[in-house]
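Undergrad: The chain contents come next:
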Amino acid sequence: MRISPSADLWSGLLFTACGAGFTLLGRQYDYGTAAEMGPGFFPVWLGGFLAFLGAGLLLKAMLSTALEEIAGFSPRPALLVFAAFLVFAVLLERAGLIIASVALLSIGSLATTGFRLRSLILFMAGLIAFAIFLFVYLLGVPLQLWPAIGA
Amino acid sequence: MDFIHNLALGFSVAVSPSSLLYCLLGVLLGTLIGVLPGIGPIATIALLLPVSFTLSPPDAIIMLAAIYYGAQYGGSTTAILVNVPGESSAVVTAVDGYKMARQGRAGAALGMAAIASFIAGCIATVVIAIAAPLLSSVALEFRSEDYFSLMVFGLVGAVVLAHGSLARSAPMVILGLLLGLVGEDANSGIPRFDFGLPDLTDGISFVALTVGLFGVSEIIRSLEQPDPPAVFKTKLRGLLPNMHDLRISAASILRGTAVGSVLGLLPGGGALLSSFSAYTVEKKFASNPKHFGAGDIRGVAAPEAANNASAQTAFIPLLTLGIPASPVMALMIGALMLKGVTPGPQVITDRPDLFWGLVASMWIGNLMLIVLNLPLVGIWVRLVSIPYRYLSLTIMLFCAIGAYSVTRNVAEIYTIVFFGALGYLLLKLKCEPAPLVLGFILGPLMEEHLRRALLISEGNPSIFFSRPISSFFLLASLALLISVIFPSIRKKRELAMQE
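Taken in sequence, the protein lines are chains A and B.
Going by the working numbering, the first sequence opens with residue 1, and the numbers climb by one from there.
Going by the working numbering, the second sequence opens with residue 1001, and the numbers climb by one from there.
Just so you know, the hints here were simulated from the structure itself, not pulled from any lab data.
From a predicted model like this one, the values you see are computed outputs, not experimental measurements.
Take these hints with a grain of salt, some might be off.
[To be verified] The calculated lysine-lysine pairs, modelled on BS3-like cross-linking and capped at a C-alpha distance of 27 Å, are:
#1 B/1099 to B/1290
#2 B/1283 to B/1099
#3 A/60 to B/1430
#4 B/1099 to B/1284
#5 B/1428 to A/60
This is chain B alone, in the form it adopts within the complex:
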């Protein structure tokens, strides 16, 4: 059977010494930045793009992916132990997890988080292995008009599912698309919006843009706040949940995995929305919902399963359609393109080592997380108490040197400052930067597909409705928009977004 053969190929790539090493480095670094507030996976992966350039394509993507799911893991560890969610996706875990820790059940919560993440990771790996080849065979049929409509759907999804005000995330996407057009036009070779600056001819540097928007603005925001108060010390007794915990959580883990797997596929879905939704679903299913918020282990199991599952299924649209569902996935595209691999339906057939190696490495990475992190918990917790002054200076220096290393051009640092200022302003205006980054990546692609589609149809826009795939995506986008404008669903969305 193909499936078994492919997974065998994947594991042969993923267990090679170099892949294992980079997977290990990735999960450790991911856990580290997940634990530390003030730097997230987006800025970290952006800074590591130049580093990954020296690796083989499978090693590079394996390491970057490991950072992403490792960060989900690290974020929940500190959420449970000290009520400091290192990543936003762990906010829900802190609710019941920290309560459990106060009740002396920190070990059970941590163990459950690890077990739930691992089970979800295993299931999501199988989902990717089955769904991605199917989807990519469909995607091979895609024409320009289908791609254009798919991107419209992706961007509408990113807007609708974005965390925060809808009226402010829609213009963010458009602004991102426009910023993506800066630089030489692929078709005519004319440099656009470059203000005569030669450094802008190749477009705005993606690394500098993400480091500025996510890294620098986050440093400033953290510096504005006083250091968090001293953390509550907790004793760890026994790292494993008991049989009763496991029995009542089994169904929650599976439901969380299902919720996360589906939301991970959607553009803008991501880990945060997945963990929130899974928690809401659990409350609905529970016979005694009052326990939630008071240290219910299911309130840890479901969101942890969901955010891990979504972190992995988010790779499906990336690897099959070449369309990123989140800023992290946009960075993965950047990493692949740096290595000369164009993400899209042909990746699975042209580079099976890359695709199946990544799938297998996710399973191995999850295993590493569960084996390594439980003994390392003490170290991670101690890291949280490092005063922010040390972290902020370290992050600043590494951002500056790291961004310069990409092209060895100081213009990168000026770009960081520009987007750091923009990011800070947008943060104050409560505009979510993630949709902008998606737009930035898709801008040139959308323009190209629009141009090709309209060239074929001789300028007639009805081409977007004459093909079933394209019409489907446009109708789906419309349905998404209507569902948000429709008041009752909108209310639910706002409820789910509340922190």
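Isolated chain A (complex conformation):
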């Protein structure tokens, strides 16, 4: 029998793995008794139930003939968006809001289509200025704008 990669199959695998993971990790905590539940009681039961439901999905994927195909992955925009956030997180407290924002927007812009360099730069400058006005001046979030000198 050939099992085709369907939404049911992959989500079944995901849920089974998560359920098993939570149950195994949950066993390191005190289980207690039903009358006096320990911190491990609820997670172990829930994890088991999740794994059970995941296994059900796997079974459904194997038995069913009408399979819901997964829409095609195009990793480029996804990876660029994640990279933009990660670089922002790394830079924010080291290089300040402005440099971190420029980095986020530059990486993010690679995932978009149709930007001309000139309009992108103007847009970025305007957007960052607006964000500083909104978060730092209007909302009073203490954000450092530039790298701290000598730190």
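Dock chain B against chain A, hints included.
TA: Same frame as chain A, now just chain B:
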């Protein structure tokens, strides 16, 4: 009479200058994000939680609620004019609304959407004002076992009514419950599933989780698609439906309101299901159902009334039981807790200003929407034609800075990336994220009530069947499950879910 006295108190709160201002800001922002595809009320409200922290509790909840119902409104405006439903709940409105616009009756459709929403909003406000105090007096009797069973019912409802595959939304709820348990156990103080990371001791950040699941994954999905084609230009002539329109729609508005009010109460019901159901009901009632889909004004009136009514009655379970019926309501709980208000039956008696102020503000907010938005229609439509590249970068930057501002901890941004990736994966696997968020909020509450109930019964699970309230909810959950597994009803559900 108490009712009049309470509403008077509510209006005195809601017409204070600051409440009016935040209500106005809320409806404008709500309409804006409703118009724009790519960002919805869930991610917006999540990002505004830290902002609302600086406001008084009534102002905060009034603004966040206004964003929610404003978004329903904005979504339908673009659905009618350019066939781009800004929110999923406006998908049905686009069917007949856009046809009307092509026939040169855009003004009548917009006017009808506004009138239907307003009437539904007024009726729903009265429903809340009457039903919530009654329900909360019942809820004061609730014990732990009743709360536990109620939450079981809520989660079963969220699974059954979720948009998409049942077999995949059930595990999503459980996964949400488990994720909600991450962090310090309230009872023993032991940090669970924290992988030794100090940032996880307080649990997973709710704001980062929702922004990742709903905001980031939506950005990526939109970036994968090419920009939508240029929109059809329509001329607006006369913003009001004529007398004939009003006469044939009156009953539709009332039926839509009734459908929406009931579905709004149910967990997982929400605006989307309400508008779909109202449309289906109208087709059943109409003597000439063939007109539907060809620009029938009743096809605009009923769903618009329904989604607005449900957006408001969804507050009833939140304010009386402390149980959220949708992710947006879960965020409202988050906002209230940040302000030190624990949602539950005691809110109405302890904080009448908050409860009645919110009820009154909904009515005022609806009035603002009808007065402000008709003249602003031109601006909203122009916003739709902004290329997505500008929007996506703006949303990304605001998500990043906004989430960091909550705790001033970069761990928030890493959490966003983690849940953005999970959300994207789940999107591809066609797993609806809303049940997960509900589970996430209810996880710790459920565990606590289960623990207390079993402590009292000395570990005997029969306690859940020995009390009428608890047994009722468990039996209702069972009935819901059976109704879905039963094939004929299941078929109907699938039919109603088709877009």
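Undergrad: A separate judgement is required for each hint: does it hold in the structure or not?
TA: Here's how the hints hold up against the structure:
1. Restraint check: the Cα-Cα separation between residue 1099 of chain B and residue 1290 of chain B comes to about 14 Å, which is no more than 27 Å; the hinted pair holds.
2. Taking the CA atoms of residue 1283 of chain B and residue 1099 of chain B, the gap is near 16 Å; set against the 27 Å cutoff, the hint holds.
3. Simply put, residue 60 of chain A and residue 1430 of chain B have alpha-carbon atoms about 15 Å apart, close enough for the 27 Å limit, and the pair holds.
4. Straight-line distance between C-alpha atoms of residue 1099 of chain B and residue 1284 of chain B comes to about 20 Å, which keeps the hinted pair within the 27 Å bound.
5. For the given pair, residue 1428 of chain B sits about 18 Å from residue 60 of chain A by alpha-carbon distance, which is consistent with the 27 Å threshold.
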